[in-house]
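Protein chains: 2
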Amino acid sequence: MLDALFKPKSVAIIGASNNPLSIGHIVLQNLLDHNFKGPIYPINPKSKYIKSFRAYPSVTDIPDEVDLVNISIKNTLVPLVLEECGKKGVKFAIVHTAGFKEVGEEGLKLEKQIVKIAHKYGMRIYGPNSQGIQNSDPEVSVYANFTFVPMSPGNISIVAQSGGVGETLKLHLYRIGKGIRMYSSFGNEADVSMNEIIDYYGQDEDTKVIMVHIETLKDPAGFLEVANRVTPKKPILALKTGKTSEGTKAVASHTGSLIEQETIADVIFKKSGVLRFHSQEDMIDAAVAFSNQPVPKGDRVVIVTNTGGPAIIAVDECISAGLKLAELSSQTKEILGKLVFQEAIVSNPVDVVATAGPEQYGGTVEALLKDPNIDSLLLVFVTAPFVDCEGIARKLGEIGKASDKPIVCQVITIEKWAEVIRLIRESGIPVYDFAETAARVLSAMTEYGKITQRKAPSFKKFEIDKSKAESVLSRHKGKDKFIPQDDVFKILQCYGIPTVTTTRIDKEDELEKAIQKLKYPLVLKVDAESIIHKTEVGGVAVNIKDKASLQAAFKKMARKFEKQKPGFILQEYLEGGKEVILGAKRNEGLQPTLMFGLGGIFVETLKDVQFRMAPLSEEDALEMIRSIKGYAILEGTRGEKAVDINRLIEILIRLSQLVSDFPEIDEMDLNPVFAFEKSKETVVVDARLKIVGA
Amino acid sequence: MLDALFKPKSVAIIGASNNPLSIGHIVLQNLLDHNFKGPIYPINPKSKYIKSFRAYPSVTDIPDEVDLVNISIKNTLVPLVLEECGKKGVKFAIVHTAGFKEVGEEGLKLEKQIVKIAHKYGMRIYGPNSQGIQNSDPEVSVYANFTFVPMSPGNISIVAQSGGVGETLKLHLYRIGKGIRMYSSFGNEADVSMNEIIDYYGQDEDTKVIMVHIETLKDPAGFLEVANRVTPKKPILALKTGKTSEGTKAVASHTGSLIEQETIADVIFKKSGVLRFHSQEDMIDAAVAFSNQPVPKGDRVVIVTNTGGPAIIAVDECISAGLKLAELSSQTKEILGKLVFQEAIVSNPVDVVATAGPEQYGGTVEALLKDPNIDSLLLVFVTAPFVDCEGIARKLGEIGKASDKPIVCQVITIEKWAEVIRLIRESGIPVYDFAETAARVLSAMTEYGKITQRKAPSFKKFEIDKSKAESVLSRHKGKDKFIPQDDVFKILQCYGIPTVTTTRIDKEDELEKAIQKLKYPLVLKVDAESIIHKTEVGGVAVNIKDKASLQAAFKKMARKFEKQKPGFILQEYLEGGKEVILGAKRNEGLQPTLMFGLGGIFVETLKDVQFRMAPLSEEDALEMIRSIKGYAILEGTRGEKAVDINRLIEILIRLSQLVSDFPEIDEMDLNPVFAFEKSKETVVVDARLKIVGA
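In order, the protein sequence lines correspond to chains A and B. Take the first sequence: its letters are residues 1 to 694, numbered as in the numbering used here. Take the second sequence: its letters are residues 1 to 694, numbered as in the numbering used here.
In case anyone wonders, no lab produced these hints; they're calculated from the structure. Each residue gets a CB set at the ideal place from its N, CA and C atoms; glycine is no exception. Just to be clear, a hint being listed does not mean it is correct.
Residues on chain A that point at chain B, a partial pick, calculated with CB under 10 Å [said to hold, decoys possible]:
| hint | residue |
| --- | --- |
| 1 | G38 |
| 2 | I312 |
| 3 | A642 |
Straight-line alpha carbon distances no greater than 20 Å define the calculated SDA-like cross-link-like pairs of lysine to any residue that follow [stated by the list, open to error]:
| hint | chain 1 | residue 1 | chain 2 | residue 2 |
| --- | --- | --- | --- | --- |
| 4 | A | K545 | B | E84 |
| 5 | B | K74 | B | E84 |
| 6 | B | K607 | A | I531 |
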């Protein structure tokens, strides 16, 4: 419960001073400027008064209860004052002071120390190295933060890992006259966590939209859990930055090298229905719409305009953002036909032309709102000097207040018509400067609409032989290593994942016996722990058509890899299938990530792969497959038959089951898997599995 | 010469009235409000005075010379007044009036009529259905336009096909206090053309940046010519909208179907060095920087910040926009080490920390400007309440005025520090709301830097046998058709483009003779004008290994296509090459467009193709090849050797030469072309050529 943090009944400021440039002074001023609804106690052992407030030498001298303290004194003095706060029964301490974990080993030690002190007294630490919190709730009105953007009530709550980014988000809401509900930039996250804060916002009835800025997910599993709980009720908009600074974790397999921090964040967002944005501006623009507009039930948008060109831009942008242009019902067309001027165009976009007044423009919007073929409205409105623009705005405002479909608007105007913007915004219809923005916002809202409407996923559990797989795996337990391919194949078979017919041999004289079980043409592959990319080093010979060629290939390879003392895999050579790649990667504290892509160049060069988190539902698996750019290849091009997509879905789910069952599997690569049309089985041709030691 | 349009010595307003909602009144008011530097003559046969001006019944009644008239009377009355204007010796007539070409056949007739009248008198028509023009030159100060965004002097000139888009562009410059030079939204373009206007802006010494909004290029060749002339001197920023409304032209070949209107605009922009933007906001943001900042000499950017998070966003965005983070010289590091606070981070981004004052922040920027490893600077500046923010701004302003490297800035602040923004902007450093914007702007400037620095292209002319190719082509002249493959191959050979060894046969008994010249394995293909996509209809048999299989394949195919009475192509079957596709498409009035891409799925599904306009320079051809997403495939993956890129460049240039030599070639497809490593020749395996009738 973070009530005493976000709704403190009283605040003490340790480090308050009369120096207007000090953090303590600024926090005091911010609390005052925003009419904090409780008592404020400046703490300063040297001054008797801070501004007009009686100052106390220590929190222990305060005669009343203290919920929250703000601390901005020297880092080394923090432990001492925290002891006093603890004794006083303070509930939360916002530590603004820097010089902790972020400066290295010594700082980390100090940070651990202060958390320990706090917990001893049942107190919580917010920070250190943190900006603070805000809550615009008129019953509280707390601005316990040293930043400068003025606060006014609203329903958007913000939590930002970076204070600079948080400030930017607040600033742009402020500039368009939009309030916020709560704000928080939590610094080093030593105790009170981002996830707790999101959870708190999720439970706050007056928060309608949550904006999150993330640099690193400290507790991905906790985030997933909280987000899963919150997103069905209200949208979480996320900006994840630091996309390029986090280097690729150098691991050997394809799956490993592609699944980076970025990917984990992405699969968590997808799994939990968090809307990811890639710029601050896009996130702010969307938040404004979410804050007042209903969520669209579908993706059919209608554009209404009184000027041609910007509507064309709206069309371009809606289409490229994945929306569809609604087809007006014949009834709507009839109504509009009677309503608008002769020069107007009753189509989509509906161009009511610049001479349209309140009756034409407003009436058109009213008629469109009633059309069952329409899910959302994008208005373009230029204040033509020769019509009653305020009248139009007033009409739109009235309509906006009552609408159960989202309406967004681009207004082209200057300060002379400020009332136009005010009237429209007052109704809850967001006003943007550009048609492009309005279109992107509708696309984000439509995406969230899909999230809230998605059915309970269907999780299939296949009959598998877990204990046999376990016994194969157990042979290799104890250290981090890749296990031999024939064992990987055995494990796959236990989970009902078909593999190509294969035999393992160690010496040339085993060839004779091995080929009894196989049909030409064959493939010969080297199999050794130390050889990861076999093809590159000449460790694969394909399309071997007879015994003589096989013997020659074996001799050559045995000579080549003499030093590695390898085994060899002999398997049937398949032709004509489509190469796909499936992968999995363990995530500490989370379910594993699954990967799907087309093999070869598609995964290596074009990085055309999809990731989702286990357990995979049927919907997840289908979406993964459909979302790759090269999906058409699987559907069959130039008269080819489609591959059996249902088989691929099944194998993905079986793989998800396998890696979920065995947390010791660090990563797996089924590469390639040959997918064929329905009449022929999809089979794994090569596979690698790395386990982690106990 | 458009001087009398953009610098009129006098303006008459036909349709001026005392009704403040009339176009004529608004134009009059706009001229007055902006202190037009010449006489204004309202024309109105019914009123003696319009505002305080003496009105004239007709232009012919005006006692003095008239350069420009603005006409906003009923469309059917326009011809009559134009006759009068012509007699009076008016030089330009801005026709605001709508109801011309845009309303259909009748309107088009009227439009042609008014142009004819004008030309009879040596007068030019601007419009009709046009907004008007503006010129902020203090010597002229003409606002002959009925829009509302106030005008102030600047060096950005705008020409917009859509008035609504033009108004949006003006509006956002106005909002940040940025003036414009000239403005123009030209309506139906019946006479004065967009290209003339761009040319005029190009010649105007006080225009430093040109912004263009295009929906359709009426005269692409003219645009190319003008743009080629202008872009070496000043940047042309273009927004081309209507990307989705223009349907794909349904033509049979791959090349044809991919080369749409959009592509033509794109190749023209590329050829002439026009910078294309995909949103109004991006274009405006860039224009602001171009207007005052020097063009960067390279792509190495340094980020300076006093707050961490936004700088991380700047890094993400710079990298994804193709910029490089500069590596500071050791000398710079040494200087900064002494200058900044201990907590500061001397790296890239340089984090001077929030406590940095003018000396630290300003000094850092000064030192970085001197570093030869740095081409451009991106500053992030939050007005921390505890430092001298105005001092920092003043310092940055001083530095900005003298800098020969571009500096762009994100400032996080509120109105309290309005002076900070004013001081920075005054120096010419653009101030943006978001780090993302600043990064994108630098990327656009860097792109223009490359354009201005590009060397004269090297055009190679190969020795070819044009007359022989001509004689082959001439056999098919006279109608629109695809010519037989063996003739296409002959033409390619004339231009030194290697083709696979091929024989054409018509009857089964010719097989015997044909195979004498060929080596197995073979490919048998049907060859008939009516069969475009042979593979899909079973018209191709590959990898035929012996005579028996060949005869069987022939019988089957002959039976299958009996009705079409086809010929057959027998050619050697190649294995192991990389499939690429080359194409060309004729452009009416322009040089043809060339296409390059990887074959198969890459062209069909991923649309991974590049287009450039003939004639191709070596640089063009290399850039085309390198720009495809699947380029790594040509470079060789997993230990394969690279294909011979120089051979591909040569074939592209030879194809460019071929289609440039024969304007009757409507489209060509070399698909597939098999590219091999250096030791083996790259050859065309299949090709189609469509000619247009005389």
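Evaluation of the provided hints:
1. Because the beta carbon of G38(A) sits about 24 Å from the nearest beta carbon in chain B, more than 10 Å, this interface hint is broken.
2. Against a cut-off of 10 Å between C-beta atoms, the interface hint on I312(A) holds, since the closest Cβ of chain B lies about 5 Å away.
3. At about 13 Å, the closest approach between the beta carbon of A642(A) and any beta carbon in chain B exceeds 10 Å, and the interface hint on this residue is violated.
4. In summary, the hint linking K545(A) to E84(B) is not supported, as the alpha carbons are separated by about 92 Å, beyond the 20 Å threshold.
5. Restraint check for K74(B) and E84(B): satisfied, since their Cα atoms lie roughly 16 Å apart, inside the 20 Å limit.
6. Pair hint K607(B) plus I531(A) does not hold up; C-alpha atoms about 36 Å apart against a cutoff of 20 Å.
Hint compliance for this structure: hints 1, 3, 4, 6 are broken, all remaining hints hold.
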